[in-house]
Amino acid sequence: MINKAFQFLLQIGLMLIAMMVSQSAFAFEDDEGCLLCHKYPKMGRITEDGARRSYYVMPHVFEKTVHRNVPCKDCHSYIDQLPHKEVKTGVTCNSECHSVKNPATGKNFSHKSIYDKYMQSSHGRDKVTNGHDQDKPYCVTCHTNPIYNPAELDGPPEKVTQRCVVCHEDEKFVANWYKHTSRRIKEVKRSPKEVMELCSSCHGDKRLIERHMQAAEKEGRELGVKYPYAAESYEQSFHGKVTRYGFTGAASCLDCHADNDNYYMNVHDIKPSRNPDSPVNEQNVVKTCQRCHTYADDNYTKLDPHPTPMSHPEDNLFRYYANVIYGWVGDVVILLLVGLAAFETFGRRRDGAGWRLRKGSSWWRRSKRGRDRKI
Amino acid sequence: MKLSEEARKVVEQSMHLNAVDDVQREEIEKVIESMPDDRVLLYKNVVSNPIGDLQRYSIHIRIQHMLTFVTFLTLAFTGLPIAFFDHFWAEPLNTLVGGVDVSRIIHRTLAGIMIFSMIYHVWYLFWIAIRDIMLQRFELQRSIIPTLKDIRDFKDDMLYFSGQRKQRPMMDKFMYKQKIHYFAASFGNLVMVLSGSSFLFPEFWAAILPSGSVSYFQEMMRLSHPHEALLALLVIAFWHWFNVHLAPGRFPMQWTFLTGKITREHQIEEHFLEYLRNLVELPEERAYLQNMLDARELSSEEGGDDMQTNEGSA
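Same order as they appear, the protein sequences are chains V and L. Quick note: to get my numbering, add 687 to the position in the first sequence (first position is 1). Quick note: to get my numbering, add 219 to the position in the second sequence (first position is 1).
These are calculated hints, taken from the structure and not from any lab test. These numbers were taken from a predicted model, which means no experiment stands behind them. For each residue, glycine too, the CB sits at the ideal point set by N, CA and C. The reader is advised that the hints may include incorrect statements.
Label pairs and their in silico Cβ distance ranges [stated by the list, open to error]:
#1 L:430 <-> V:952: 34 to 44 angstroms
#2 L:430 <-> V:997: 21 to 31 angstroms
#3 L:429 <-> V:898: 38 to 48 angstroms
#4 V:874 <-> L:318: 16 to 26 angstroms
#5 L:472 <-> V:974: 56 to 66 angstroms
#6 L:472 <-> V:997: 35 to 45 angstroms
#7 V:798 <-> L:289: 49 to 59 angstroms
#8 L:412 <-> V:898: 40 to 50 angstroms
#9 L:429 <-> V:800: 40 to 50 angstroms
#10 V:979 <-> L:355: 50 to 60 angstroms
#11 V:979 <-> L:335: 22 to 32 angstroms
#12 V:1018 <-> L:472: 21 to 31 angstroms
Build the full structure now, drawing on both the sequences and the hints.
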C-alpha cells in the first residue's frame, strides 16, 4: 500500500516538474504569432475605470482545452494586423470557424444553432449590451473553455490506443479522437446541485431581482409569481432540500423549466411561464409533473413546488400564519412542560426527594416536618 | 390508615377479582390498617431495588416501547438535517447519518417499522382489553384511558407542589402525566405517518382530495412533519427523559423500560392505588410491608389527624 502511494506521489511530482519544464514548449500551433506577446504573464493593463485586465494566455493550459486546435483568428476575427488595435467587442460565440470543419456536414464548425436557441430564450442577450440585459448570462457566464478530463492529462491509455494506431497510423490523431469522444461519453452535465447553484447565482441575487422587478413594473411587463424568490422558495421545497445535499433523483430547476426532449438544446431555451410553449405554463404543467410523478393529475399541479419562504408572507398567507402558529404552539408546549417539571421538582424537594440513590432510596430521610424519625 | 372511599373501592374490587379468601382478607386489612396515614413515611422507609420491585409492563409493551423509541430517534436524526437544512448542525448531522442517498432509505424503512410497532401496540391493547372484558376483569381506572379523576389528581398534585396539600393524591397505575404523554405521542405518531405519506405519495392525496383543499392539505403536511418532529424530540429530551430518568427519585435512571418493573418507593409515591392492588395480589409484598412497619414501629396513629382531614379535603 505504502509503496503504491509513494509511487503515486512520485508520479504526480514528476508530472508537475514536467509541466513546469515544458511550459515554454507549445504543443499547439501558433502560426499566427499571437504568443509572441501573449505568452508573457505580465501582459495586461489597467482600464480607464481602474479594472485590472490580464491578457496572458497560459499555453500549457490552453493546449489542454477543447479549443486548442482552433486558431486564434477564427474567434478573434477582428484582428487584422500585429500589433493589433484596441479590442472593442471581443469574441462572440456564434462566429464560424474557418479552420475547423463539421465532419458530419462538411460545413464550417459553429456554435450558431445553440446560440440562436439561446438568443430566443428569456436569457438571450448580445455580448455587448447595456441596461438590464447586462444581468442576463452570456455564454461564458456558464461555460468556460473546458479542460479535458484531468485524469487523462497524461494522454490516452495505451491499451486502447494501441489498437487504434494499427489502422489510423497517426498517434496524434488517435489521441485527439480519444479525448474528444471519452469526454463526451463521460457525464458532462451539471449535477442537479450544480444547476441549483448556477441558477441561484442570479435568481438568488436579491439586488439583481429587485432591479429587474422595478424595470418590469416601469415597462408594464409581467413577471412570474415566484420570480421575486425563485431560488429561496425552491430551497424550501423537498426537491431543493435533498438536492442541496447532492441527491440526484429530485427535480432541479432544469427538470421543470426546460423541455425534456434534448437536454443540451433545451437548457438554452428557457422561457417564462406565461409563454404557452414553456413546460411550466398552465397548459403544460401536468405533463411536466408527469415526467417524474407518473400519476400526477390536474389536482396535483396545485401543490406548490416553490413553497412560500418566511421572508415573503404575501405569497401564501395561509402557509405563513400556519407556520407562525405552529412555532408558537411548539414553544408554549415546551415551556409549559419544562415549567411543570421544574415546579414538580421544586415541590417534591419539600419532602426530601433528592438526586441520589442510597440504601435503595433517593429520599433524604432527614428532611423537614418531622416525618423521618423512624429510620 | 383509613382508606378513602375511592381507594377502598379499588381494594375491594381487587380482592374480588383475585378471589381472596378470608385469611388473606384479614391479612390485607391488617397491613392496610397498620400503614401510616402519612404516605411520605412509607416511601421514605421502604427499601427499593433500583432495578425494580413490582411488575408493571409486560414484555410486549417493552418491545413496543423499544421499537418506537429506537425508530423515533433514528427517524429524527435522519430527517431533521433535511428539514432544517439552514442550521449549522444540519450538514454534519446529515453526513453522520450517511448522506441523503443512504438516510432516505433508513428513514423510510424505519418509518415502516414504526408503523408496525403502532399496529402491534394497538392490536395488543385491544386484545388484552377484550380478554379482560370477557373475563370481567377490565378496570377502566387502571387503564390508560383518561378519566375525571385525572383532572382532580392534576389539581391536587399542583396544590401539593405549591405547598397547599400535605400529600400527593392517590393516583392509579397511569397518572395524569403519563396519560397526557401517551396521547400526545399517539397523536404525534399519526400526524407523522399522515404527513410522511403525503411526501411519499403526493399524487395519491392529490387524487383523492377535493381540488380546493389539495394545496392547503399539502402545506399543512409540509409544516406538520418537521414541526411535530422537532416538538416530539424536544418533549422527549426535556420532559420525558427528565421525568423518567433525571428527576429526583428516579435519578440516575429507571430500569422499567428494560425490566418492566417499578421501584417500590416510586409505586407508593405516584401510583398508590396500584400499590394497594399489589398488596392484594402479592402475599410477599404484604409480608414485606408488614415486617417493615413492625420493625420500624410505624403505625397509623403517628401520622396524626391532620393527614386525615387533608385527605378529606382533597
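message: A range of 35 to 45 angstroms was offered for this pair. Does it hold for the Cβ distance of residue 472 (chain L) and residue 997 (chain V)?
response: Given range 35 to 45 angstroms: holds, Cβ gap about 40 angstroms.
task: Return holds or violated for the Cβ distance of residue 979 (chain V) and residue 335 (chain L) against the range 22 to 32 angstroms.
output: Given a distance of about 29 angstroms, which is inside 22 to 32 angstroms, the answer is holds.
- request: Starting from the range 56 to 66 angstroms, see whether the pair residue 472 (chain L) and residue 974 (chain V) falls in it by beta-carbon distance.
  value: holds (58 angstroms)
query: Range hint 40 to 50 angstroms: satisfied by the CB atoms of residue 412 (chain L) and residue 898 (chain V)?
result: holds (46 angstroms)
Range hint 38 to 48 angstroms (beta carbons of residue 429 (chain L) and residue 898 (chain V)) holds or violated: Between residue 429 (chain L) and residue 898 (chain V), where Cβ atoms are some 42 angstroms apart, the hint holds.
task: Take the C-beta atom of residue 429 (chain L) and the C-beta atom of residue 800 (chain V), compute their distance, and say whether it sits inside 40 to 50 angstroms.
output: holds (47 angstroms)
query: Falls inside 16 to 26 angstroms, the C-beta gap from residue 874 (chain V) to residue 318 (chain L)?
result: At roughly 19 angstroms between Cβ atoms, residue 318 (chain L) and residue 874 (chain V) fall inside 16 to 26 angstroms, so the hint holds.
- prompt: Is it true that residue 1018 (chain V) and residue 472 (chain L) lie within 21 to 31 angstroms of each other by Cβ?
  reply: Since residue 1018 (chain V) and residue 472 (chain L) have Cβ atoms about 29 angstroms apart, the given range 21 to 31 angstroms holds.
- prompt: Regarding residue 979 (chain V) and residue 355 (chain L), is the given constraint of 50 to 60 angstroms on their beta-carbon distance met?
  reply: The hint (50 to 60 angstroms, Cβ to Cβ) holds, given that residue 979 (chain V) and residue 355 (chain L) are roughly 58 angstroms apart.
query: Between residue 430 (chain L) and residue 997 (chain V), does the beta-carbon spacing fit 21 to 31 angstroms?
result: holds (27 angstroms)
- prompt: Measuring from beta carbon to beta carbon, are residue 798 (chain V) and residue 289 (chain L) in 49 to 59 angstroms?
  reply: At 57 angstroms between Cβs, range holds.
query: Does the Cβ-Cβ separation between residue 430 (chain L) and residue 952 (chain V) fall within 34 to 44 angstroms?
result: holds (35 angstroms)
Of the numbered hints given earlier, the model fails none.
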